[in-house]
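Peer 1: Using the sequences and the accompanying hints, generate a full structural model.
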Amino acid sequence: MAHDTHPAPSTVYHPAPPGMDTKIAARDLTVRYGGALALDRVHIDMPGRAVTACIGPSGCGKSTFLRCINRMNDTIDTARVTGSIRIDGEEVNDRSIDPVLLRARVGMVFQKPNPFPKSIYENVAYGPRIHGLAAGKDELDAIVETSLTKAGLWKEVADRLHQPGTSLSGGQQQRLVIARAIAVNPEVILMDEPCSALDPIATARIEELIDELRENYALIIVTHSMAQAARVSQMTAFFHLGALVEYGPTEEIFTNPRDQRTQDYITGRFG
Amino acid sequence: MQISVIVALTLLVLTAFGFLIGRRRALAARGASGGRLHSLPNYYGYYIALWTGGPALIVLALYGAMGAGLVNTLAMTQLEREAAPLIAEFERQLDNDAAYRALLAQAADAELDAMEAREAIALARDAGLDPQDFQSELARQTTRLTETGAQLDARRGEIVRDVAARAPSTDAGIRARAGFEYWISPNERRELFLADARAIAFGAGLASRNTPELRAAALAMRPVEDVFRYSAAGLALALAVGGLAWARSRVRGAFRARNRVEAVISGLLMLASVIAILTTLGIVFSLLFESLRFFAAIDWRLHEFLLGLQWSPQIAIRADQIGQSGAFGAVPLFAGTALITLIAMLVAVPVGLFSAIYMSEYATPRVRAVAKPVLEVLAGVPTVVYGFFALLTVGPFLRDAALFLGYEDAVTQSALSAGLVMGVMIIPFISSLSDDVINAVPQTLRDGAYAMGATKSEAIRHVVLPAALPGVVGAILLGMSRAIGETMIVVMAAGQGANLTANPLESVTTITVQIVTLLTGDQEFDSSKTLAAFALGLVLFTLTLMLNIIALRVVQRFRERYE
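Line by line, the protein sequences give chains A and B.
Counting from 1 along the first sequence, just add 5 to a position and that's the residue number in this note's numbering.
Counting from 1 along the second sequence, just add 69 to a position and that's the residue number in this note's numbering.
Hints in this document: simulated from the structure, not taken from any laboratory.
Careful: at least some of the hints might be erroneous.
Stated by the list, open to error - In silico EDC-like pairs for lysine to aspartate or glutamate, Cα to Cα no more than 16 Å straight-line: (1) A:Lys155 to A:Glu213; (2) A:Lys123 to B:Glu527; (3) A:Lys155 to A:Asp216; (4) B:Lys525 to A:Glu213; (5) B:Lys525 to A:Asp216.
To be verified - Using C-beta positions, here's what the derived DEER-type ranges look like: (6) B:Val439 to A:Gly39: 18 to 28 Å; (7) B:Arg435 to A:Tyr38: 16 to 26 Å; (8) B:Arg435 to A:Arg85: 30 to 40 Å; (9) B:Tyr476 to A:Gly39: 54 to 64 Å; (10) B:Gln625 to A:Ala202: 19 to 29 Å; (11) A:Pro169 to B:Arg435: 31 to 41 Å; (12) B:Val439 to A:Lys160: 32 to 42 Å; (13) A:Thr83 to B:Val443: 44 to 54 Å; (14) A:Ile81 to B:Ile344: 43 to 53 Å.
No residue lacks a Cβ here, since even glycine has one placed at the ideal position from N, Cα and C.
Peer 2: Next up, the structure:
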């Protein structure tokens, strides 16, 4: 492992809101793709039952950070992850953790809606099936209905559950993917720019959904839209060039940024 | 020097000159009008060069394609005119010849009887009776017809010689004899006559004969040919100069030379694709018309061809057995083709598909970089080499293995050995196409599956393969149409016997093998045996065309979904 000679990046931490329970904690989290440093010694504590937004210009490492939480970086051959990241105090990078089981606890929604080439029903039932969460057909039906209801899609698709998932509109597909993630009853849901491929109305619908999901899950959302981060999140982390620059309650970050780079970014000087 | 060479060189020089003039004029126009040319100077050059060389080349090409035919027609029409007295005399003699007229009556009689016999055979067959007697009657009348025809030809020949001998051996007489010989000849003899005359006249090729009549015809051709040649050369050169002058007069600064030149180029590109399409159409139509002749020869009993269970084209060459039921039943060929294709696909689909999955999902880039080209080398092995392999290695091995296991009737040429080797041949098609298709499945789908906690093999089985399925099906269908149309391996390794069997250890025969057998060796080209090959070809073409269309549709639908 190459030794990092340059000084560790200094992060501005705003005081955490009172009563914040830490769900995810990263310490010295570093990611390299081949030789390139993508994430540099990130130190952060993220709350449960709240929405944390990760913002920053393209290539700042926010998506890489997200993919550390459910070890999706394992699927990239060149990626090397060091440091520690814990969920409820349990080390994610530990060898004893099976990524397959980890990913059942940490759901993920991607930039482009990616329903599987299956029916709407089978898309949602997929996770429960491979993890053996449902004892029978009735139970599976119940899980599918609950998940689709939570994702706000049930009314729209109840009468066509067996049509292909790709037959839905883009916004519906994204909600289907969210329902699919909810179906395995995860603790954390990661969202990597979930609205960037959607129109404003579909985006508003997803944002509403994110706000509802906050009651039951820890949500971490990567977004390019500052307005979106301000609307949906309670905590905001600003990344720049692989380093976590500033982290704190969303209101404070947007109204009273302390780092010059944060201020420049949220006022639109670069990005 | 040959005039054609002079014309070609002159045209070349004129074209180059036209290019230079165009360029110069364009540059001058730019200087004069203070700047703006529509196109680059070279385009004005190309434009004039095209107008100089193009029309002249078209004239020369037309002369090359049709000049000889026109010269022949004109020269021979003249000679035939001079032979008019001989022709009149011949027709008079033929009409008044008693022996010839008696033979004609006899032939008509035989024809009538043969027709009656044919009708009787059909009636007997419909009534479920044995048509044996009528068949031998038909054979008798057919023989009589053939013999009478030969006698007719002989008598006519005598009259021809008699009439020709009446012309004097002067120049005029010989010219008349040449015209008469040409007039009296059937079409294929006429072509031979013309070819020989041209050979004597212009030294192009060797003449098969050298008679006074041919020399007379050659002499008649020469002046006509000269007129055509010089006028074509003159016309070409005039067009070249005229085109140059006209194009030059159009070159101004604002003239859109680039667009004109590009229009010509796009025309040439279109011409190339039209040639390819027309060739395909020509092949299809020749197949279609020969097949129609075959169907006519078997009295349009299409169902017997498509559904008949017995294939033995050999017995059908005897005139009295044309269309004999069962002789052209193609079902054993279809069954043989289907059996071998099935065996080939049983080998190629799993191996091809699994290797594609390995290549695209599991192999490291280094393994992939080596293994993929190696696999594709398989596609470059000539099919005749696969044929050797099947015949000399796989066939004997399978036979010995079957004998060892107690199957007494094992043979070297079996459906199994041909099918196995054909399967190996098709592996690269299926693996390469499937590999492309699997790679085209978006990474986000795989990520989605992994993010749901799927393992690698679950992601492949549940998500990647279903997404790639249409493309994989397309690949399999394309491989199948290769298998159906494959010839060399089955010719060498599957045997010839038209057995209707599902036993892969017996030898079977396929559509393609039968086409080869029917068309090679000494064959009459209008017997129904030979024509059957075209009908088989038509069936084969229709089958593979349909498979290809379905496959392409399926693959296209897949592409639309992910691109």
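Peer 1: Hint by hint, say whether it matches the structure.
Peer 2: For each hint, the structure was consulted:
| no. | hint | in the structure |
| --- | --- | --- |
| 1 | A:Lys155 to A:Glu213 | holds, 11 Å |
| 2 | A:Lys123 to B:Glu527 | holds, 14 Å |
| 3 | A:Lys155 to A:Asp216 | holds, 11 Å |
| 4 | B:Lys525 to A:Glu213 | violated, 34 Å |
| 5 | B:Lys525 to A:Asp216 | violated, 33 Å |
| 6 | B:Val439 to A:Gly39: 18 to 28 Å | holds, 22 Å |
| 7 | B:Arg435 to A:Tyr38: 16 to 26 Å | holds, 19 Å |
| 8 | B:Arg435 to A:Arg85: 30 to 40 Å | violated, 19 Å |
| 9 | B:Tyr476 to A:Gly39: 54 to 64 Å | holds, 59 Å |
| 10 | B:Gln625 to A:Ala202: 19 to 29 Å | holds, 25 Å |
| 11 | A:Pro169 to B:Arg435: 31 to 41 Å | holds, 38 Å |
| 12 | B:Val439 to A:Lys160: 32 to 42 Å | violated, 54 Å |
| 13 | A:Thr83 to B:Val443: 44 to 54 Å | violated, 26 Å |
| 14 | A:Ile81 to B:Ile344: 43 to 53 Å | holds, 50 Å |
Violated hints for the displayed structure, listed by number in ascending order: 4, 5, 8, 12, 13.
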